[in-house]
Amino acid sequence: MVDRLTRRVEEVPGLEQDETQDQPTVADLVQAAAAGDQRAWDGLVARYMPLVMSVAARYRLAEGDVADVSQTLWLRLVQNLHTLREPQALPGWIVTTTRNECFRVLRSGSRVSPYDPLTESPADRVDLRSDAQADPDEELLREERHEALLAAFAELPDRHRDLLMLLLADPPVSYAEISERLGMPIGGIGPTRARAVARLRRSPALAALLGTDDDADRTQSFTGNARR
Amino acid sequence: MSSRTFADDDALLAALHEALAVTRAPAADGIAGIAALTAGAQAAFSFRTMEEELASLIYDSLLDADPVGAGRAAKAARTVVFESDAVSVEMEITDDGIVGQVAPPVGASVFAEASDGTRIAVVCDELGCFTLPTPGHGMLRLHIAASGSTAVTEWAHLDPRA
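Residue numbers (my numbering), protein chains in the order written: chain A, 1 to 228; chain B, 1 to 162.
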């Protein structure tokens, strides 16, 4: 009862917490999953699988290897949930662990075409650019941007993630259908979309990329080095 | 900078749309779509352990190998060491199998668990030494009960070369 009253007080137009007040954060999900809650775990999987797939997609792995990389990543996360003291560290952990696992797969050679260490160096199999014609700097920036966006998106409350997913669906979904699926008035879609995007912009991962955060120095020197 | 600052909401959402493209790729022969990957990831939760202490990988000769010696390293055995507060396991991995030793050996009871769910009983001698066949595909971990404490090794690909 107290919770409900508190919510009502905070449901003032213009405050952006209204529709997401009682939704779990990533930190809540990590804590609940560590305590054995399968649904919280499924929530983490839903939020972070796009990031895992995005990182793995860079390495052009052979058939079946993306599934192996993914399975390894999630098994390791199950094992390390209780050691993740800071949920902010989760996206970085996921990116690093996925990347390392992709390198391991490339090093060991794919099952489809075993790689011969005498005639081929692992680097030959790693094509960091999805388009060989593309400018590597441009490509690196694009990959960093994808990772930052997906990490930021993963931290949105479910209500905001669900709405943006529907708004970005291929083929497009009509406002009428979005309204029905989410139980949200059509007139609420625009304002909720604006709040979701504002929240994305404020995410530390994206703020660093946009240069509006202390971390911007690190990001800029990283890309600066790549340019030289 | 302009391409990275997302001047308006539409630009930011267009970039997010592009970033999410990877999740829309349809599943094809041998290539798992997001639905199959998600099902596997959800099932991974059943491997959660509560009571056992995690024995971390503290040494792996593969990560130690100098690049020049990479060709020779392929022939040598790979050595890995896992350690928790109470126990440690050292394993030597070759194409012929795994030879390992648990310390302390007192009353050590060990079984291996593969990431496909299969379990293999491991027989330790009085010195804590054991042998295991080299696992095929996937990862392996060891559950160890010794001197009143239980531990589980970190998941690892216990392959001679990876």
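Treat the hints loosely; a few may be bogus.
[Claimed, not checked] Now the stretches of chain A that chain B is said to cover, found in silico as 3 or more residues with beta-carbon under 8 Å:
no., stretch
1, 19-33
2, 58-72
3, 174-185
4, 190-204
[What the hints assert, rightly or not] Far from chain A, by Cβ distances over 12 Å, these chain B residues were calculated:
no., residue
5, Asp29
6, Ile58
7, Thr79
8, Glu92
9, Ser109
10, Arg119
11, Asp125
12, Gly138
13, Ala145
14, Asp159
[Claimed, not checked] Simulated DEER-style distance windows between Cβ atoms:
no., chain 1, residue 1, chain 2, residue 2, range
15, B, Glu126, A, Ala27, 44 to 54 Å
16, B, Ala86, A, Arg99, 39 to 49 Å
17, A, Gln21, B, Gly148, 39 to 49 Å
The hints are simulated quantities; they were obtained by calculation from the structure and are not laboratory data.
All C-beta atoms, glycine included, are put in the ideal place defined by N, C-alpha and C.
### Task
May I ask you to check that Arg119 (chain B) keeps its beta-carbon over 12 Å from the closest beta-carbon of chain A?
holds (15 Å)
### Message
When I compare C-beta atoms, does the stretch 190-204 of chain A have three or more residues closer than 8 Å to chain B?
### Response
holds (count 5)
### Message
For Asp159 (chain B), is the shortest CB-to-CB distance to chain A above 12 Å, so the non-interface label stands?
### Response
Not fine: 6 Å to the nearest Cβ puts Asp159 (chain B) too close to chain A.
### Task
With 44 to 54 Å as the target window, see if Glu126 (chain B) and Ala27 (chain A) comply at their CB atoms.
Holds: the Cβ-Cβ distance is about 48 Å, inside 44 to 54 Å.
### Query
Does Ile58 (chain B) sit more than 12 Å from chain A, CB to CB?
holds (15 Å)
### Message
Can you confirm whether chain B covers the stretch 19-33 of chain A, using C-beta to C-beta distances below 8 Å and requiring at least three such residues?
### Response
violated (count 1)
#### Entry: Separation of Thr79 (chain B) from chain A, once the least beta-carbon distance is taken, above 12 Å
The claim stands: Thr79 (chain B) keeps its Cβ more than 12 Å from every Cβ of chain A (closest is about 17 Å).
### Query
Measuring from beta carbon to beta carbon, are Gln21 (chain A) and Gly148 (chain B) in 39 to 49 Å?
Since the Cβ atoms of Gln21 (chain A) and Gly148 (chain B) sit about 47 Å apart, the hinted range of 39 to 49 Å holds.
#### Entry: Cβ contact check, 8 Å cutoff: the stretch 58-72 of chain A against chain B, three residues minimum
n = 8 at 8 Å, threshold three: holds.
### Asp29 (chain B) non-interfacial with respect to chain A [C-beta, more than 12 Å]
violated (7 Å)
### Query
Can we trust that Gly138 (chain B) is non-interface, i.e. its beta-carbon lies farther than 12 Å from all of chain A?
violated (8 Å)
### Ser109 (chain B) and chain A, when compared Cβ to Cβ, separated by more than 12 Å
Per Cβ check, Ser109 (chain B) is outside 12 Å of chain A; nearest 21 Å; holds.
Comparing the model with each earlier hint shows violations of hints 1, 3, 5, 12, 14 and 16; every other hint is respected.
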